[in-house]
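2 protein chains.
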Amino acid sequence: MVKVNSNYGKLPGSYLFSTIGKKVNAYQAANPDKKVIRLGIGDVTRPLTPTIIGSLHGAVDEMADAATFKGYAPDLGYDFLRHAICEGDYKSRGCDISDDEIFVSDGAKCDSGNIQEIFGLDNRIAVCDPVYPVYVDSNIMAGRGGTYNPETGMFSDIIYMKCLEENGFAPELPTEVPDIIYLCFPNNPTGATITKAELQKWVDYANEHESVIIYDAAYEAYISEADVPHSIYECEGARTCAIELHSFSKNAGFTGVRLGYTVIPKDLVRDGVALHGLWARRHGTKYNGAPYIIQKAGAAVYTPEGQAEIKGLVDYYMRNASYILNGLKDAGFSVSGGVNAPYIWLKTPDKMTSWDFFDYLLNEVNIVGTPGSGFGPSGEGYFRLTAFGSYENTVEAVDRFKNIKL
Amino acid sequence: MVKVNSNYGKLPGSYLFSTIGKKVNAYQAANPDKKVIRLGIGDVTRPLTPTIIGSLHGAVDEMADAATFKGYAPDLGYDFLRHAICEGDYKSRGCDISDDEIFVSDGAKCDSGNIQEIFGLDNRIAVCDPVYPVYVDSNIMAGRGGTYNPETGMFSDIIYMKCLEENGFAPELPTEVPDIIYLCFPNNPTGATITKAELQKWVDYANEHESVIIYDAAYEAYISEADVPHSIYECEGARTCAIELHSFSKNAGFTGVRLGYTVIPKDLVRDGVALHGLWARRHGTKYNGAPYIIQKAGAAVYTPEGQAEIKGLVDYYMRNASYILNGLKDAGFSVSGGVNAPYIWLKTPDKMTSWDFFDYLLNEVNIVGTPGSGFGPSGEGYFRLTAFGSYENTVEAVDRFKNIKL
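Those protein sequence lines, which keep their order, are chains P and D. Take the first sequence: its position 35, counting from 1, is numbered 35 in this note's numbering, and each next residue is one higher. Whatever position you read off the second sequence (first residue = 1), add 406 for this note's numbering.
Check each hint, because a few of them may be wrong.
[What the hints assert, rightly or not] Label-pair restraints from in silico Cβ distances: (1) P:E210 / D:K602: 40 to 48 Å; (2) P:K196 / D:E711: 39 to 47 Å; (3) D:E711 / P:Y391: 35 to 43 Å; (4) D:V771 / P:S98: 34 to 42 Å.
[Unchecked claim] In silico lysine-lysine, BS3-like type, Cα no more than 25 Å apart, as pairs: (5) P:K266 / D:K428; (6) D:K476 / P:K311; (7) P:K266 / D:K497; (8) P:K347 / P:K402; (9) P:K35 / P:K405; (10) P:K34 / D:K476; (11) P:K10 / D:K409; (12) D:K602 / D:K416; (13) D:K602 / D:K497; (14) P:K10 / P:K22; (15) D:K409 / D:K428; (16) D:K476 / P:K35.
Note that these hints are calculated values from the structure, not bench results. Glycine residues also receive a C-beta, built at the ideal position from the N, C-alpha and C atoms.
One chain only, chain P, in its complex shape:
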């Protein structure tokens, strides 16, 4: 008789963005005449840029001809893309990473959910609180959560590192030593960042305690300040303690195109085993490569034309971010983020709960945001807005915020 994975039953509610989607769809169905502005899920709205479109068309044509048709891709990605990534994102920044330490995938969400598989079930993980839900949920599903305490909103086996106004939304080194530490900077959801000197402390801590840092750099393209590192491999010693996750979703607008990559340096050895080999085996056995045409589009991102175009995309969204940040400040809200990240993190007014504010905004103001509590217990009383809408909608949304009379 079949036993299901009972860990799934420990997950509280459905996946955050599924819940939001259902609420928004229900409201819109009941109120088809209302213009709902979506600043909730971190989904981009600008079209793919000309160089990327050209690359996609070219690759599609290759697939139409037996002489240039491509079947199964190499498990870990085409060499042309691994090389372009390595040159564009690492060598150019002086990071010591080689092409074959880069694993191409169909996105950072998948990688951040799957990476835990190469570790034993008896590791303790540490996450920022609030945090992108996939890190926590994927570990709960695997059986690393322990028991859920509905009063605190916490799992017994997970170390929560609080990110609050008091510490500038950046965690402190945990007193109880975790085995696996998830860090995401620029941060989703708070938009906070970390300086290179601060990140170096985490690298030293992980090396000292033989922990592993899983560093999610999905938003590095939004960094505007000089002392904020674009990669954890800018820190000394990161090759022996850090895995880095990257996305093409937010820089190049690939949310619906699906491409990402993970870096595992060959020097990263734990328990006597090189993690590089484990992840290679995982890719080889349970994955079959990203589509050729999508990998060609990814390579186009690293051409000079591609780089100029995606800078235009990032600039477009960051103009939105500034507009929201400044507009909400003017309107009297307490806000942060939005300088090195496409997310604005605000305190709910009048000490409303995150979900109450969500419902209020949806029903009364017709704006969709993301309740901070959906990212963890320390997100309660906060709310995330994204800069990924159109400029026109962003301006209209800020105007609506200015008219809120609570």
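Since the structure of chain P is already known, use the hints to place chain D on it.
Relative to chain P, chain D alone:
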């Protein structure tokens, strides 16, 4: 201190097709003038067909315009594709499956590796022997293998259902009742099939014992005989015991495009839990949808033009299959498969081991096949050839086989 997933250490050697790839690359590098014909990995060689190419170009153009740009896809697939699949593969065959029981993914390999996650670690799995390696390897990696016996080539906790010449390469109902039963028909690697009446016995067995059948139908497009079922849902009662996996790789040539789907009927409940909801949660948390442009290409497969074109692809490869089957028979080899499947399964001559025959063929005849023992202990002494080469290469390969003097 980090503990790695020690189950990875139980996997014998590297992933089968990675090993083959390395051997072939090494031979070709040392012998650049030799023409090696690859009939090993089941990778297609014909280009994508015009309707699919047109659909891809059209979808790429949509991504270039803000008005038609698509960001994140729905977790479980676009409705247009789920509906096209449901009509084309199920309703048309009288199978009682609805659109929302279809989960679109980036391929059947990923799904067949990931599906075990929704089950507890204390289930016993049963596999055919020989078998597509992913079913076994993904369960070993999760911890359902037990201990490996190098003498038998078997894991202690896995039930192996022998598929030999004596039983027509179709397994018998196991005496020890498994929780999860992997079946693949038309079979990879043997090319064997099962009649609807025989498959009905498996469905009845699974319902009686509350087991779950994971039915891999990746090769159903190659079925040429009338009494061979295209879907397990042609059998009565399959809605309460079966999950079905499908691929676009072999019918439409999508090995490098990446698209597949899994069906979980809502009536499939085990341990008091609907498996449909578990898989939806897994998709929502650890996956982010197949690319829009690829889903559009998938929908094009179900148009009348697309159907005619992919029939042309299947016919092309099946001409190869017949040519290999008949040619090797004429040459005195003992062969099977190749009638409802693109695989030919042959006995190695002179009782050579599978790997000895592999090395002989590669080094002396410059043909790449797949050693039967790579698919499990009962594959020892057998060898798989695929029909996915070009017709010209297939003819040349068969000529070379006819000249083998052992």
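Problem set entry | Structure versus earlier hints - violations, ascending order | 1, 2, 7, 12 and 15
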